[in-house]
Amino acid sequence: MNTLEQIQENLVAGNANKVTELTNQALSEGATAAMILDDAMIVGMKVIGDRFKAGQAFIPEMLIAARAMTAGLTILEPLLADSGVKAKGTIFVGTVQGDLHDIGKNLAAIMFKGAGYKVVDLGVNVSSAQFIEKAKEIEPDFIGISALLTTTMVNMEGIIKDLKAAGVKAKVIIGGAPVTAEYAKSIGADLYAASAADGVEAVASTQA
Amino acid sequence: MNSRERVMAAVNHQQPDRPAIDFGGHRSSGIMAVTYAKLKAALGITTGHIYVYDMIQQLAIVEPEVMDALNVDTVELGRAFMLSDGDWKDWILPDGTPCKIPAFINIENDRGDQYLLADDGTRLGVQVKDSFFFEQCHFPMADVDFENDPFDNLAEQFAYTQWTGIAAPGSHLPMDEAGLAKLAAGAKRLREETDRAIIGLFGGNLFEIPQYLIGMEKYLLYLGLYPDAVKRFSEKLTALHMENLEKWLGAVGPYIDIVLFGDDLGTQTGPFMSTQMYRDYFKPYHSKLWHRAKELADVKVQLHCCGGVEPLLNDLIEAGLDAINPVQISCNGMDSQELKDKYDNRICLWGGGCDTREVLPLGTPAEVSKHVKEQINILNPGGSFVFQQVHNILAGVPVENIIAMFDAVTPIKRNI
Numbered sequence: 001m002n003t004l005e006q007i008q009e010n011l012v013a014g015n016a017n018k019v020t021e022l023t024n025q026a027l028s029e030g031a032t033a034a035m036i037l038d039d040a041m042i043v044g045m046k047v048i049g050d051r052f053k054a055g056q057a058f059i060p061e062m063l064i065a066a067r068a069m070t071a072g073l074t075i076l077e078p079l080l081a082d083s084g085v086k087a088k089g090t091i092f093v094g095t096v097q098g099d100l101h102d103i104g105k106n107l108a109a110i111m112f113k114g115a116g117y118k119v120v121d122l123g124v125n126v127s128s129a130q131f132i133e134k135a136k137e138i139e140p141d142f143i144g145i146s147a148l149l150t151t152t153m154v155n156m157e158g159i160i161k162d163l164k165a166a167g168v169k170a171k172v173i174i175g176g177a178p179v180t181a182e183y184a185k186s187i188g189a190d191l192y193a194a195s196a197a198d199g200v201e202a203v204a205s206t207q208a
Numbered sequence: 001m002n003s004r005e006r007v008m009a010a011v012n013h014q015q016p017d018r019p020a021i022d023f024g025g026h027r028s029s030g031i032m033a034v035t036y037a038k039l040k041a042a043l044g045i046t047t048g049h050i051y052v053y054d055m056i057q058q059l060a061i062v063e064p065e066v067m068d069a070l071n072v073d074t075v076e077l078g079r080a081f082m083l084s085d086g087d088w089k090d091w092i093l094p095d096g097t098p099c100k101i102p103a104f105i106n107i108e109n110d111r112g113d114q115y116l117l118a119d120d121g122t123r124l125g126v127q128v129k130d131s132f133f134f135e136q137c138h139f140p141m142a143d144v145d146f147e148n149d150p151f152d153n154l155a156e157q158f159a160y161t162q163w164t165g166i167a168a169p170g171s172h173l174p175m176d177e178a179g180l181a182k183l184a185a186g187a188k189r190l191r192e193e194t195d196r197a198i199i200g201l202f203g204g205n206l207f208e209i210p211q212y213l214i215g216m217e218k219y220l221l222y223l224g225l226y227p228d229a230v231k232r233f234s235e236k237l238t239a240l241h242m243e244n245l246e247k248w249l250g251a252v253g254p255y256i257d258i259v260l261f262g263d264d265l266g267t268q269t270g271p272f273m274s275t276q277m278y279r280d281y282f283k284p285y286h287s288k289l290w291h292r293a294k295e296l297a298d299v300k301v302q303l304h305c306c307g308g309v310e311p312l313l314n315d316l317i318e319a320g321l322d323a324i325n326p327v328q329i330s331c332n333g334m335d336s337q338e339l340k341d342k343y344d345n346r347i348c349l350w351g352g353g354c355d356t357r358e359v360l361p362l363g364t365p366a367e368v369s370k371h372v373k374e375q376i377n378i379l380n381p382g383g384s385f386v387f388q389q390v391h392n393i394l395a396g397v398p399v400e401n402i403i404a405m406f407d408a409v410t411p412i413k414r415n416i
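Here the protein sequences line up with chains A and B, keeping their order. Each residue of the first sequence is one higher than the last, beginning at 1 in the working numbering. Each residue of the second sequence is one higher than the last, beginning at 1 in the working numbering.
If you are wondering where the hints come from, they were derived from the structure by calculation, not from laboratory data. Bear in mind the structure is a predicted one, so any value in this text is a computation, not a measurement. Treat the hints with caution; some may be incorrect.
To be verified - No farther apart than 30 Å at their CA atoms in a straight line, the calculated lysine-lysine pairs in the DSSO-like style are these:
{"id": "1", "chain 1": "B", "residue 1": "K218", "chain 2": "A", "residue 2": "K18"}
{"id": "2", "chain 1": "A", "residue 1": "K53", "chain 2": "B", "residue 2": "K218"}
{"id": "3", "chain 1": "B", "residue 1": "K182", "chain 2": "B", "residue 2": "K236"}
{"id": "4", "chain 1": "A", "residue 1": "K46", "chain 2": "A", "residue 2": "K171"}
{"id": "5", "chain 1": "A", "residue 1": "K134", "chain 2": "A", "residue 2": "K18"}
{"id": "6", "chain 1": "A", "residue 1": "K18", "chain 2": "B", "residue 2": "K370"}
{"id": "7", "chain 1": "A", "residue 1": "K134", "chain 2": "B", "residue 2": "K370"}
{"id": "8", "chain 1": "B", "residue 1": "K340", "chain 2": "A", "residue 2": "K53"}
{"id": "9", "chain 1": "A", "residue 1": "K136", "chain 2": "A", "residue 2": "K185"}
{"id": "10", "chain 1": "B", "residue 1": "K288", "chain 2": "B", "residue 2": "K373"}
{"id": "11", "chain 1": "B", "residue 1": "K129", "chain 2": "A", "residue 2": "K185"}
{"id": "12", "chain 1": "A", "residue 1": "K53", "chain 2": "B", "residue 2": "K236"}
{"id": "13", "chain 1": "A", "residue 1": "K134", "chain 2": "B", "residue 2": "K129"}
{"id": "14", "chain 1": "A", "residue 1": "K164", "chain 2": "B", "residue 2": "K129"}
{"id": "15", "chain 1": "A", "residue 1": "K185", "chain 2": "B", "residue 2": "K370"}
{"id": "16", "chain 1": "A", "residue 1": "K118", "chain 2": "B", "residue 2": "K218"}
{"id": "17", "chain 1": "B", "residue 1": "K342", "chain 2": "A", "residue 2": "K136"}
{"id": "18", "chain 1": "A", "residue 1": "K88", "chain 2": "B", "residue 2": "K218"}
{"id": "19", "chain 1": "A", "residue 1": "K171", "chain 2": "B", "residue 2": "K231"}
{"id": "20", "chain 1": "B", "residue 1": "K129", "chain 2": "A", "residue 2": "K169"}
{"id": "21", "chain 1": "B", "residue 1": "K288", "chain 2": "B", "residue 2": "K218"}
{"id": "22", "chain 1": "B", "residue 1": "K247", "chain 2": "B", "residue 2": "K231"}
{"id": "23", "chain 1": "B", "residue 1": "K129", "chain 2": "A", "residue 2": "K161"}
{"id": "24", "chain 1": "B", "residue 1": "K218", "chain 2": "A", "residue 2": "K185"}
{"id": "25", "chain 1": "B", "residue 1": "K218", "chain 2": "A", "residue 2": "K46"}
{"id": "26", "chain 1": "A", "residue 1": "K18", "chain 2": "A", "residue 2": "K169"}
{"id": "27", "chain 1": "B", "residue 1": "K231", "chain 2": "A", "residue 2": "K53"}
{"id": "28", "chain 1": "B", "residue 1": "K283", "chain 2": "A", "residue 2": "K53"}
{"id": "29", "chain 1": "A", "residue 1": "K86", "chain 2": "A", "residue 2": "K164"}
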């Protein structure tokens with residue numbers, strides 16, 4: 001097994017120390033940061049995402065893999081910036097106004113990050129104004145909005161309207177326990193994710 | 001059959017004369033106060049008040065007149081306590097409706113946001129503007145060295161999370177001699193007054209309490225990182241719960257029918273954890289508590305457990321569970337027919353009577369009625385089913401839909 005495969009395997013197993021060690025080793029062996037990202041980390045996170053969707057991995061496994069990924073990315077990020085490697089796209093994530101739940105949004109952020117996207121996390125209880133203000137500063141390709149409750153889910157509709165009225169071009173993807181594909185369509189969201197792992201596929205499908 | 005006989009027949013896998021109905025017998029079968037006020041008006045009930053007994057979720061006490069109108073067969077043990085006006089104080093619900101809340105609740109207003117306070121003033125929960133809930137904002141053990149901490153002071157920390165520190169009627173009484181005597185006296189009186197099945201809310205949460213103390217995401221990460229510490233935590237917590245269970249059931253055990261435990265083990269897409277993790281970290285402790293409860297009193301054990309938990313059901317049954325709630329039928333693996341076929345006569349499906357994700361909040365009354373009748377046709381034959389909508393009824397749910405829901409189970413009694 002080569003070093004990149006070992007990184008992938010240890011990332012899937014959630015072994016952060018080993019991923020740090022192997023990332024440094026791969027770099028010293030001549031691998032570029034982009035190679036390590038594409039051929040080890042993104043592949044590893046895809047394995048976890050697929051297992052999660054298939055009911056073979058669960059949130060604890062996803063979180064320890066993400067922790068291992070973060071350990072590796074800490075080493076790679078400055079190198080990637082120096083070499084001008086571009087992310088697959090920029091996505092904002094935030095929990096809808098009135099809602100303070102964050103784990104669904106955080107898991108989605110992990111999966112986007114793990115798939116090579118630049119993730120800007122606006123936190124919880126995010127208003128239209130906060131999304132719009134940030135979009136003026138960093139033009140995102142996608143905006144992901146999460147909700148846990150039927151009482152807060154309804155605030156998504158207003159945000160989508162406000163984003164469009166403000167001329168924000170990003171495609172909006174929504175998800176969360178009460179949200180369905182039909183609801184997403186009815187309020188004018190561009191994309192819907194049934195789970196954290198589904199979001200990446202939905203977003204990638206628009207970039208093909 | 002009277003109400004108690006109807007509920008207990010269902011729990012004992014026998015066919016009741018009609019589906020037993022739970023409404024407000026515990027938190028998840030309840031209703032938010034803002035919606036309850038509208039329901040009362042629609043039913044033509046003008047007596048009583050709007051009492052909020054669960055401050056966090058702002059759930060209303062379902063009063064006897066409403067229970068009678070809707071043919072409700074359950075009652076929560078908490079209804080035996082805080083019966084005088086002095087136990088309550090005035091408050092205003094987020095939509096402007098006046099209500100009563102327990103006098104011991106302390107709330108602080110800060111620039112439109114409201115904070116739920118511990119006795120010493122620590123802000124435990126926040127209700128931001130535009131929200132109908134208090135959300136936890138203080139996690140007393142967030143920064144603990146989880147891997148190495150002995151977890152010796154858990155009981156003291158309970159006062160500092162909103163879910164363990166903010167009491168409700170019944171749980172406001174201390175577990176000392178005087179408090180237990182009041183608990184027993186109240187439970188006895190309620191038993192004498194009602195033929196509804198009495199549900200005692202014990203809690204005994206093993207998977208949720210660490211999340212309240214530490215934070216959900218951190219604890220879920222620790223499940224993957226520190227197996228020994230997770231087991232140590234579960235053991236310490238079980239010892240605390242066991243001590244309380246002995247005292248509590250010693251007082252109320254002779255007067256209640258169902259003991260409710262709580263632990264949300266599932267999400268929309270499936271369990272939070274693998275079956276193996278459940279077996280390693282929680283099942284032995286659930287088993288201990290549930291079996292002991294049944295030794296201490298002639299009660300059935302119910303678990304409130306949200307999410308797509310079908311993969312865990314066999315293990316929960318093995319651990320001693322009699323009834324699973326709320327049967328969240330919109331989740332993966334929670335198809336009503338499949339659950340009925342697979343688990344009938346082994347566990348009572350207490351819930352799943354009406355979907356609360358789409359049908360109840362967004363459907364028409366006719367759609368609600370059709371859906372409820374379909375659910376009953378699937379779940380009720382042979383018993384092993386108590387009717388309850390999947391989640392407590394939230395703000396914004398049309399009252400006509402709520403009435404259509406109950407009317408589809410058994411015709412309601414209107415005052416107007």
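Outcome of the hint check:
1. B:K218 to A:K18: Holds, because 21 Å separates the two Cα atoms, which is no more than 30 Å.
2. A:K53 to B:K218: 22 Å, holds
3. B:K182 to B:K236: Judged against 30 Å, a Cα distance of about 28 Å means the pair holds.
4. A:K46 to A:K171: This hinted pair holds, its Cα atoms lying about 23 Å apart.
5. A:K134 to A:K18: 36 Å, violated
6. A:K18 to B:K370: With a Cα-Cα distance of about 56 Å, the restraint between K18 of chain A and K370 of chain B is violated, given a limit of 30 Å.
7. A:K134 to B:K370: 46 Å, violated
8. B:K340 to A:K53: 25 Å, holds
9. A:K136 to A:K185: 26 Å, holds
10. B:K288 to B:K373: 38 Å, violated
11. B:K129 to A:K185: Roughly 27 Å between the alpha carbons, so the hint for K129 of chain B and K185 of chain A holds.
12. A:K53 to B:K236: The given pair, whose Cα atoms are some 34 Å apart, is violated under the 30 Å limit.
13. A:K134 to B:K129: 22 Å, holds
14. A:K164 to B:K129: 24 Å, holds
15. A:K185 to B:K370: Distance ~25 Å between K185 of chain A and K370 of chain B Cα, so the pair holds.
16. A:K118 to B:K218: The given pair, whose Cα atoms are some 23 Å apart, holds under the 30 Å limit.
17. B:K342 to A:K136: 54 Å, violated
18. A:K88 to B:K218: 29 Å, holds
19. A:K171 to B:K231: 44 Å, violated
20. B:K129 to A:K169: Within the cut-off at roughly 28 Å; holds.
21. B:K288 to B:K218: With a Cα-Cα distance of about 26 Å, the restraint between K288 of chain B and K218 of chain B holds, given a limit of 30 Å.
22. B:K247 to B:K231: 25 Å, holds
23. B:K129 to A:K161: It holds: about 20 Å lies between the C-alpha atoms, which stays within 30 Å.
24. B:K218 to A:K185: Violated: K218 of chain B and K185 of chain A sit about 34 Å apart, past 30 Å.
25. B:K218 to A:K46: Given that 30 Å is the threshold and the Cα spacing comes to 22 Å, the pair holds.
26. A:K18 to A:K169: Distance ~41 Å between K18 of chain A and K169 of chain A Cα, so the pair is violated.
27. B:K231 to A:K53: 27 Å, holds
28. B:K283 to A:K53: 25 Å, holds
29. A:K86 to A:K164: With Cα atoms ~26 Å apart, K86 of chain A and K164 of chain A stay inside 30 Å; holds.
Going down the numbered hints, you'll see the structure goes against 5, 6, 7, 10, 12, 17, 19, 24 and 26, while the others check out.
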